[in-house]
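Novice: Here's the letter readout for the chains.
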Amino acid sequence: MIRIQQETFDPGAEIKALTQDRTEIGAVVSFTGLVRGASSGGDDASHPTITAMTLEHYPGMTEAALADIEAEAHARWPLTGSVIIHRIGRLLPGEPIVLVVTASAHRRAAFEAAEFLMDWLKTKAPFWKREETDAGARWVEATEADEAATARWAQSSAG
Amino acid sequence: MIRIQQETFDPGAEIKALTQDRTEIGAVVSFTGLVRGASSGGDDASHPTITAMTLEHYPGMTEAALADIEAEAHARWPLTGSVIIHRIGRLLPGEPIVLVVTASAHRRAAFEAAEFLMDWLKTKAPFWKREETDAGARWVEATEADEAATARWAQSSAG
Amino acid sequence: MKLLYFSWVRERVGLAEETKLPPADVKTVGALMAWLAEQGEGYAAAFADPALLKVAINQKIVPPTTPIADEDEVAFFPPFTGG
Amino acid sequence: MKLLYFSWVRERVGLAEETKLPPADVKTVGALMAWLAEQGEGYAAAFADPALLKVAINQKIVPPTTPIADEDEVAFFPPFTGG
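Chains as they are written, first to last, in the working numbering: chain H, 397 to 555; chain X, 397 to 555; chain A, 13 to 95; chain W, 13 to 95.
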């Protein structure tokens, strides 16, 4: 299940929806990404404070990309269900940006699939982040760490 | 934060409690373990249907073991918070047994710490599961897979 | 040809989308970017370094050698930073 | 000495806990298990194969060679299966 929306979301409600009246699910993993008040450029004190984060996306392509990513996760792991929610628009520090939930009979599949969805989503779904900081606004740059996180799943494709 | 209890829990409420009014958290991972209606002995159709699962524990030692496991996770990863809730008593298929939530500035730390907590909890906390099935009751046996899952964290200790 | 611009490409061009028909000798994604760079100051800033940009034709990412057609939707943007 | 039994050890012994004072020559965890195996049918069934059991003294898991003391809390159980 995929949703792109401005409004916030409730991880607990999404977990409940995936597991309600089911008895074959042994493991549910959720990942919630939140806007941090420190710049994503690093952790040291010299980085400016973030006052807001705006998420832009490519309507149409985003839905297709997320559907592809979700389908790839289901091809690689025996999932009984999954949810991807990504917010767009202007968000404040502390607000949730993204939710991934995976359900499976076993915990390893649920954990791996959730990590995979987050790693692929970061580099394969058309979203762009613009940070407003106390030192001005800037477009967040893609990182080599995110590229490497995506690449580590390339070897283990079941598809 | 550690809780051992008979009553159920709400993953969404625990996630919210860890993140409320915080702006340094970028990632929250939750793991919910549920009672499955199929025997943990395997996935094939020949395994009996589980009608209930009873969790026994060693009061006192359980709290100490979970506190040690949680402290070890905080020593290994830069977590801003964590929750471990384990239920005891008689549970029915579909009911949640265990919850682990980890919060960190970055997603890799939150994911790894949640997996670590689950792996260690399975082999280092004094709980025992008794399954009631349509073919009688039995004590669940510890698996080599769980031992292996615990062992894989031995090499990477920061403590 | 429908052209879409996202993130700082949109900001530099000054438009989110437009319809433009490049000359007939502009046959590939790479040639299209070189031609767009000549369409004014904002375009020049946006397309100064094509290596910084990703291009999607009809919502699929493609390399600069890919041929283009008049009815294509062509989008220009920096690498994704969602999640 | 306070003895605790969990899981199928508890079921076979027929008790969750009891206080017992082993003879003075029973000095280690391993010797205690051998002595307990002689205390009746349920004990024999529970302690028939000590290799299946884990032992905690004062809530810390210990090997069979560990010395015991009269004031110890000693618990017997199979490997953990929580989570």
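Don't read these hints as lab results, they were simulated from the structure.
Heads up, some of the hints might be wrong.
Claimed, not checked - List of simulated lysine to any residue pairs, SDA-like, C-alpha gap at most 25 Å:
#, chain 1, residue 1, chain 2, residue 2
1, W, K72, X, D406
2, W, K39, X, E452
3, A, K14, A, P90
4, A, K66, H, K412
5, A, K14, A, P62
6, X, K520, W, L33
7, H, K520, X, E508
8, H, K412, X, E537
All figures in this text were calculated on a predicted structure; none of them were measured in a lab.
Novice: Check the hint pairing K412/H with E537/X against an upper bound of 25 Å on the C-alpha distance.
Specialist: violated (29 Å)
Novice: With a cut-off of 25 Å on the C-alpha distance, tell me whether K39/W and E452/X pass.
Specialist: Violated, at roughly 30 Å.
Novice: Does K14/A pair with P62/A here, judged by a C-alpha cut-off of 25 Å?
Specialist: Holds: K14/A and P62/A sit about 19 Å apart, inside 25 Å.
Novice: Could you grab the alpha-carbon distance between K66/A and K412/H and see if it respects the 25 Å cut-off?
Specialist: It is violated: about 38 Å lies between the C-alpha atoms, which goes past 25 Å.
Novice: Against the 25 Å threshold, does the CA-CA distance of K72/W and D406/X hold or violate the hint?
Specialist: violated (32 Å)
Novice: Given the hint that K520/X pairs with L33/W, test it: the Cα-Cα distance must not exceed 25 Å.
Specialist: The hint is violated at about 29 Å.
Novice: Given the hint that K520/H pairs with E508/X, test it: the Cα-Cα distance must not exceed 25 Å.
Specialist: With a Cα-Cα distance of about 23 Å, the restraint between K520/H and E508/X holds, given a limit of 25 Å.
Novice: Holds or violated: are the alpha carbons of K14/A and P90/A at most 25 Å from each other?
Specialist: Given that 25 Å is the threshold and the Cα spacing comes to 18 Å, the pair holds.
In summary, the structure is inconsistent with hints 1, 2, 4, 6, 8 from the numbered list given earlier, while agreeing with the others.
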